Amino acid sequence: MANGTWTSRRTRGYQLPLAVLFVLAVALVLIGKAQSTLFDRARAHITDWMQPELAVLHRPFDWVSSGWRNLGDIFRTHEENIQLKAENARLKQWQTYAVSLEARVKRYQLLLKAVPDPALTSVLSHVIGRARRPFLETMILDAGSANGVKPGQAVIDSRGMIGRIFLAGEHTSWVILLTDLNSRIPVVVEPGHASAILAGDNARAPALETLAQGVVVHEGDQVVSSGDGGILPPGLPIGTVVADSGGFRVALLADPSATQDAEIVDFKSPVEMPSAAGAKDLPISAAGLPPAMPQPAPVPGNANAPGAMSAPLASGTASAPVKPPAQMRKPNIAAPPSPDTGPADDQ
Amino acid sequence: MDRSGISIASRAFAGILPVGLALLGAIIANTPLSLTGGIVPGPLLGLMPIYYWGLVRPDLMPPFWAFAAGLLEDVLSMGAPGVWTVSYVVAYALIDRQRDAFAGLSGFGAILGFATVCSLACASAYLVESIYYWRLAPFAPVMSVLAMSIVFYIPAAMFFGTVQRRLVGPLRGDF
Chain U
0 MANGTWTSRR TRGYQLPLAV LFVLAVALVL IGKAQSTLFD RARAHITDWM
50 QPELAVLHRP FDWVSSGWRN LGDIFRTHEE NIQLKAENAR LKQWQTYAVS
100 LEARVKRYQL LLKAVPDPAL TSVLSHVIGR ARRPFLETMI LDAGSANGVK
150 PGQAVIDSRG MIGRIFLAGE HTSWVILLTD LNSRIPVVVE PGHASAILAG
200 DNARAPALET LAQGVVVHEG DQVVSSGDGG ILPPGLPIGT VVADSGGFRV
250 ALLADPSATQ DAEIVDFKSP VEMPSAAGAK DLPISAAGLP PAMPQPAPVP
300 GNANAPGAMS APLASGTASA PVKPPAQMRK PNIAAPPSPD TGPADDQ
Chain Z
0 MDRSGISIAS RAFAGILPVG LALLGAIIAN TPLSLTGGIV PGPLLGLMPI
50 YYWGLVRPDL MPPFWAFAAG LLEDVLSMGA PGVWTVSYVV AYALIDRQRD
100 AFAGLSGFGA ILGFATVCSL ACASAYLVES IYYWRLAPFA PVMSVLAMSI
150 VFYIPAAMFF GTVQRRLVGP LRGDF
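First to last, the protein sequences are chains U and Z. Note that numbering that gives the first Met the number 0 has the first sequence beginning at 0, numbered continuously upward. Note that numbering that gives the first Met the number 0 has the second sequence beginning at 0, numbered continuously upward.
Isolated chain Z (complex conformation) (with noise of 0.2 angstroms):
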């Protein structure tokens, strides 16, 4: 394969990495497998490559990848249908209305945007399980799945931010 190949194969992995994260994570958050017992609830893994590449690389994560996370999240979470899709969904819309605001935070006020963008999904997770099932859900675990997701993005974060520097790169438009 000459240079040129090489590029173009390395550019496409670069391409499909951000979405490739977020699937991952959506599989691996629910993988029924739990090293508390079940006792301490998963974060939600999917959300975090759409919440940092949807500002980061929005080319790279358009937003049917957070369509496509939140309905294999379904798929996989054994819940009512369409739950995390409609969630996903709206975390997003928020993502994209409020880019330039989140773009601009770092540290403490990239967590604190994170912790905004997933507690819209949460919320709407909640709203909608309400309404599909008629009768409120309890509040309990959907707080101890924010507050896990939010402490699990610090790491995650970092991890995004290498994969970003190394492998992704920023975009051409933004020299």
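Next comes chain U alone, as it looks inside the complex (with noise of 0.2 angstroms):
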């Protein structure tokens, strides 16, 4: 009697608070969804906060992790080793190929006067935590608003790419991984140049989503990143079709959980601008008129004056010239690999 007593006093006396309660929580996911800045911001200010605890707690927890897939591997090391020179000597005939194409490229890139890509820069950071929740797959990294990193910027490591900046603190940023239900990114398949939606669903291989009509996937194709949007640059590899059942998945080049140091890509798309216009295309000249005076040269520095932005284009610097922080370099993930490096070199 005693014990009954007591309990439906207490849950009495609860009622209220749970469902007050209950109608706050509800109000943090509509909060939430409407500004997620606030919680954005808390959260980056504790990762910064908590940066040289986990840049040190990190590495004994990478070294078990490490030593648990490595233990795995011991047991395959011959085959795997028969695999790899296998693969290595098909690599370097590709490599043979792949040079030669580009100095081809880069000759009718010449003879067409075409605007060269956009000069890249990096932030070469490391990875000081990972993190798998039910609904949320992340990385965090030691490289911040400090060092030039802003949401967006696409995350890369020797292989491939890994995913996206979606929260930068000051000195810590969080990467979205393409494998996150979250992630959606723009690619395209090749050969073809099919575009489509590399759509994260949790799973190990992400899917291939919105392939327009009539497009042929073929298992095997390469996956690059298409640069609509202009938030991430073109051609970053990302990895290579693989048939699932009724659709295709791309089997990642990148292995975000043996990742220790990654890239951070700062893309700025570059501004089109028409070509300045000849005298013999002027309306004037079409109509059999003589060509006006000659304008006098632009005064340097003044941005307005015609022709301010079209040399810099023209000489390859189309970004603006931005000063790169220290740690920035030149990422090494669009430069082809030299003849004297090599996956036989690793063995």
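Hints may contain errors.
In silico SDA-like links for lysine to any residue, alpha-carbon gap of 20 angstroms or less [stated by the list, open to error]:
(1) U:K32 <-> Z:L70
(2) U:K32 <-> Z:Y132
(3) U:K32 <-> Z:V74
(4) U:K32 <-> Z:Y131
(5) U:K32 <-> Z:L126
(6) U:K149 <-> U:L109
(7) U:K32 <-> Z:R134
(8) U:K32 <-> Z:I130
Computed Cβ-Cβ distance ranges for the label pairs, DEER-style [to be verified]:
(9) U:L70 <-> Z:G103: 37 to 47 angstroms
(10) U:D72 <-> Z:G103: 46 to 56 angstroms
(11) U:K105 <-> Z:L126: 51 to 61 angstroms
Don't read these hints as lab results, they were simulated from the structure. Just so you know, these numbers come straight off a predicted model, no measurement behind them. Ideal Cβ positions, reconstructed from N, Cα and C, are used throughout, including at glycine.
Hey, can you piece these two chains together into the complex? The hints should help.
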């Protein structure tokens, strides 16, 4: 009897707070949906505050996790070695072919006076944390807004794209992995240049969605970033197409669970400017009248002067000349492999 | 400090211990470090003290702290805000309504009781997440978190039992 009184007394007392707390929790979801930056700022501060501890603590954790991974590899070393040698021989052929093709493309670009690809800079960073929650897969890097990192920038490792920055603190940044449920990036499938969306669903291989009708995709086709939207640079290697039940998925080249260092690529979409009109292009010349007197040369530093943007574009520095942070350097993924470095050297 | 002073301090410590463990559990579960390289998801460590002391000493685990632990989980997990706050409050509501039934369970039954509450929490989180992004979230990760939480609850319950016997103690009205 006494126990029953005790229970009912408490139960009644908690009914109102529980209802109020439930309403508050639902309100929190709605506020979070409308103003997610409120939470993000707090999260960025927490991670910045934890950065020194994480940088130290992650080492033993990574050591143990890589030990687990390597344990299984020990038994497959011999067959893996044979497989790698065959792959290495094949890749060396491709390397020679790629180098000759690159030289040819450069020649064509010169002949066509094509606008060269924008120069990419990147920030090299170390992975200091990984988190896998039911609805989120992410990693933390030790570079933040102080190093020029901004949300939306692509994160790559030596093999391919890992994900995008979705939250940048001052000294840390969070990466949304390509496999994450909330990851959607525009890609192209080569050869064929078929546009698609790479959609993460927390599976190891993200799905290839929204392929246009009539597009034929084969298993083994290469998937690279398309650059649509101007946030991600085009041509970042992502993975190869694998067939899934009724659809296609992409086997990623990069392995986020093993990555120790990552590059954050700073890409600025090139500003497309029409080429400066020549005297014979003017309607006055077309009408058979004498051309107007040439305009005086633009004052240096005057951005509004005609032709002020065309010169840097032609010289290959399309993006605004921003002084790179100390850690910034050219990403090594876009460069073709040099003949003296290859998988053979790793064995 | 005299004897009464020590007694008050130890009682205050015992009073905040369940809540402290719930918050600590949420922090540990969301620390971005993993021994398995992120292959195995972390269990809901914050929910375990809420369930245990929500049954054993509800006076030390009022619903506000379920809300607070859920909020902490949300902030640290980087996920959609409010998902775990809602699910922890819903789980607490079940504990509160079925306290007599759950409190009477022991051994395998107690684990089954936690599994029920944890399932409700995971189902709520799944539902809120799906509504939040307006598409069905994948089911497998939630199931793996549920499984991990149930497995981890076995040693956790033993630890909580020791803490309850040695530090917190029963409610005076229970004698």
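Now the hints, each set against the structure:
no.: 1; hint: U:K32 <-> Z:L70; in the structure: holds, 15 angstroms
no.: 2; hint: U:K32 <-> Z:Y132; in the structure: holds, 9 angstroms
no.: 3; hint: U:K32 <-> Z:V74; in the structure: holds, 14 angstroms
no.: 4; hint: U:K32 <-> Z:Y131; in the structure: holds, 7 angstroms
no.: 5; hint: U:K32 <-> Z:L126; in the structure: holds, 15 angstroms
no.: 6; hint: U:K149 <-> U:L109; in the structure: violated, 33 angstroms
no.: 7; hint: U:K32 <-> Z:R134; in the structure: holds, 15 angstroms
no.: 8; hint: U:K32 <-> Z:I130; in the structure: holds, 11 angstroms
no.: 9; hint: U:L70 <-> Z:G103: 37 to 47 angstroms; in the structure: holds, 44 angstroms
no.: 10; hint: U:D72 <-> Z:G103: 46 to 56 angstroms; in the structure: holds, 50 angstroms
no.: 11; hint: U:K105 <-> Z:L126: 51 to 61 angstroms; in the structure: holds, 55 angstroms
Of the numbered hints given earlier, the model fails hint 6 alone.
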